[in-house]
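S.K.: Got chain A sorted already, so can you dock chain B onto it with the hints?
2 protein chains.
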Amino acid sequence: VELEFLQWLRNRLPLDMRAPLGLSDDAAILQLSGGGRVVATVDMLTEGVDFLLAQDRPQRIGRKALAVNLSDLAAMAARPFAALVALTLPRKGGMELAKQLFEGIIPLAEEFGVALAGGDTNTWDGPLVISVTLLGDVTEHGPLLRSGAKAGDAIVVTGKLGGSRLGHQFDFRPRVREALWLAENSELHAGLDLSDGLALDLWRMCQASNLGAIVEIARVPVSEDAAKWAANVVDGSTPVEHALSDGEDFELLLAMPPRDAERLVNEQPLACGLTIVGEFVSASGAEDGRIWRREADGSRAPLVPRGYEH
Amino acid sequence: VELEFLQWLRNRLPLDMRAPLGLSDDAAILQLSGGGRVVATVDMLTEGVDFLLAQDRPQRIGRKALAVNLSDLAAMAARPFAALVALTLPRKGGMELAKQLFEGIIPLAEEFGVALAGGDTNTWDGPLVISVTLLGDVTEHGPLLRSGAKAGDAIVVTGKLGGSRLGHQFDFRPRVREALWLAENSELHAGLDLSDGLALDLWRMCQASNLGAIVEIARVPVSEDAAKWAANVVDGSTPVEHALSDGEDFELLLAMPPRDAERLVNEQPLACGLTIVGEFVSASGAEDGRIWRREADGSRAPLVPRGYEH
Chain A
1 VELEFLQWLR NRLPLDMRAP LGLSDDAAIL QLSGGGRVVA TVDMLTEGVD
51 FLLAQDRPQR IGRKALAVNL SDLAAMAARP FAALVALTLP RKGGMELAKQ
101 LFEGIIPLAE EFGVALAGGD TNTWDGPLVI SVTLLGDVTE HGPLLRSGAK
151 AGDAIVVTGK LGGSRLGHQF DFRPRVREAL WLAENSELHA GLDLSDGLAL
201 DLWRMCQASN LGAIVEIARV PVSEDAAKWA ANVVDGSTPV EHALSDGEDF
251 ELLLAMPPRD AERLVNEQPL ACGLTIVGEF VSASGAEDGR IWRREADGSR
301 APLVPRGYEH
Chain B
1 VELEFLQWLR NRLPLDMRAP LGLSDDAAIL QLSGGGRVVA TVDMLTEGVD
51 FLLAQDRPQR IGRKALAVNL SDLAAMAARP FAALVALTLP RKGGMELAKQ
101 LFEGIIPLAE EFGVALAGGD TNTWDGPLVI SVTLLGDVTE HGPLLRSGAK
151 AGDAIVVTGK LGGSRLGHQF DFRPRVREAL WLAENSELHA GLDLSDGLAL
201 DLWRMCQASN LGAIVEIARV PVSEDAAKWA ANVVDGSTPV EHALSDGEDF
251 ELLLAMPPRD AERLVNEQPL ACGLTIVGEF VSASGAEDGR IWRREADGSR
301 APLVPRGYEH
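As you go down the protein sequences, you meet chains A and B in turn.
For the first sequence, the working numbering gives the first residue as 1, with consecutive numbering after it.
For the second sequence, the working numbering gives the first residue as 1, with consecutive numbering after it.
Keep in mind that the hints are not guaranteed to be accurate.
Unchecked claim - Here are some of the chain A residues that sit facing chain B, going by a computed Cβ distance under 10 Å: (1) Gly35; (2) Val38; (3) Asp43; (4) Asp50; (5) Leu52; (6) Leu53; (7) Ala54; (8) Gln55; (9) Pro58; (10) Glu103; (11) Ile106; (12) Thr133; (13) Gly142; (14) Trp229; (15) Val233.
Keep in mind that the hints were calculated from the coordinates and are not lab data.
Here the structure is a predicted model, which means the values were calculated and not measured.
Where a beta carbon is used, it is the ideal one built from N, C-alpha and C, also for glycine.
The shape of chain A in the complex, shown without the other chains (with noise of 0.2 Å):
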C-alpha cells in the first residue's frame, strides 16, 4: 500500500505542502520561523505485524517503538531531543501493559537525552497500537540525505547484518553517537539505516542519488545469527543473501569518499565496526539494473532489490 499511496498523496497535495514531505529521507525537515530546523519522524507499531505479545516482552515493543524512530535520526546524523508517545491500549490489562512498556521505553530515551515530552493514551476493545514521533535537531554538519551520493563513493556499512529475527530486530542499538561521530570526522554524503535490507536499502539510495552501485559481496559483514538462521531455514538461501535481505538491522549506510572510507576502516574508530561493501557509480553505467552484486571471482550479476517490505 505505502508506497502507491505515497505516490497519490505527492500528486494530491499543493505545491507549497509537498516540499518538506520527506517521502524520500527518513524522517522530515522542518524550517522554524525563528531560524533553526527541527528533524521529525514517526512510527506506528501493532500487534501482529511488527510484534506478538504472546511472545515479545512488552518492554522489548516499548523499546522497539522508540529505537526504530532514533534510527530514522541516526540515518540522518540528526541529534534526537524528545518523543511523543500515543498508545491505544487493549482494555483489559492495558494500564499494566502501558508501564510494562514505559519501562522499555525510559532507559533508552534515558541513554540517548530524549525528553519524554507527552503523549495520549486510550483504551479499546482491541489490540496494542503504539506510534512515537521522534523530534531532534540537526548539527553544523547538516542533516545527511539518501539523495547525496556520488559516484565513485564507497558504500559503508557499520555492524553486521541480517538475522536480525533472533533477537537483534529488538535489541539493536540505534547508530545515534556513530552518526554523528562520523558526521564531524569525516565526510558524508548521503545516509540512512538499513530498516529493509542492505540490496533494497541500497536501491533507495542509488534511486535517490540516481546513481547505480556495485556491492563486493565477499565483503558484506555477515552476523552469526544469519549464520544461525540460514542453517535452521530451508529456503536455501546462505548467510550472505540473509545478510543482503533479512531486513532490521538497524545499521548504517553512507555514502563517502574513498579516501575518507579507508581511512576509517583501518582506523576502526567506532566499536560497531565499519566495513566498505562496494562503490556507487554512475547510472549510465549499470546496463540493466541499478544495483550489481559482484562475486570473490570477479563475476557480475544483477542485485535484486529484495527485502523485508513493511
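M.R.: This is chain B only, laid out in the frame that chain A set:
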C-alpha cells in the same frame, strides 16, 4: 486509565526527563539547543471509540484527527506549522480509505498553513487507527499555559457550547487564528481548549492555577444543538447542563483581566463571539469545592466537574 497512568509515569521518570512532560497543558513546549521553542502535541483516534466508519465519513474523520491537534495548539496560542500522520489501515480497502482520510486532512492543513511533513502507513487485519502529531512555534507573546489564571480574572469562552454530537464534534473550526489574535490584542493569563466540557475543563484550569471559580449559569452561551439534544434525550438535562458537560466543543477557555474581557465583549471582534461566563476566585474562598455555579437568582452551589472523559 489515563490519569492514574500519567501519575505513575511522572513519578517513574528521571527528573531531567520530567520537566517538559506537558501533563498539565495541551501540548509540550520544547527548548531547542540552537534557541527557539517548538510546541508539540499528538492525538490518536480509533475506530469504535472516537468514530464509527459505518456512520462517519472518512473525510470527516481525517479532518477531525488534525483539527483536535490544531485546537490543542490554539489553546496555547501557538502557531502550527507541520503535521505527521501515522495510519494503521484495515487490509481490505485500506488504500481507498487512506485517500479519503487525506481528502479531509489536506484542505484543513492548507487552510492553517500546516505542511504535511511525513508519516507512517501500515495495514493490518484490524480497525482503523489514525494518529496525528502537530508541531508549532510560539509568538513573542509566548505559549499560553493552563496555570496562569489569577484571582479576579474573567472566565471567557469563544463560541457556543454543548450538543457537539449533532455534528460540531467533527465540523468545528479550531480557534487557532482567534487565539493568536487575542494573544496579540489583549492580556491573556491562561488558556485551554474545551474538549471535555466547560465544567471539567474549568476545574482543570483551576487546579493548574490553584484557584477557584464561579460560573454565572445564565451567562453560559448555549448552542442551538445543545437545545436540540436536550429536547431529544430523556435524561432530564437542560440545554445549559449540556453546554456545561457535553464536551468536544473545541472552543477556547481563557483567563484574562476583567477590563480586557469587558472591552472585548463590547467590541466583539471575533466572528465566533466572546462571552464572559464568570470569574476566578482564590481557592481558599471555595469552601467545599473548587468551582461554583451561580444561578440567575443569586443562589450558589458547587459545580460538579463532570464531563466527557476521553
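S.K.: With reference to the structure, classify each hint as holding or not holding.
M.R.: Hint check results:
no.	hint	verdict
1	Gly35	holds, 7 Å
2	Val38	holds, 6 Å
3	Asp43	holds, 5 Å
4	Asp50	holds, 8 Å
5	Leu52	violated, 12 Å
6	Leu53	violated, 13 Å
7	Ala54	violated, 16 Å
8	Gln55	violated, 17 Å
9	Pro58	violated, 14 Å
10	Glu103	holds, 8 Å
11	Ile106	holds, 7 Å
12	Thr133	holds, 4 Å
13	Gly142	violated, 13 Å
14	Trp229	violated, 25 Å
15	Val233	violated, 25 Å
The structure shown violates the earlier hints numbered 5, 6, 7, 8, 9, 13, 14, 15.
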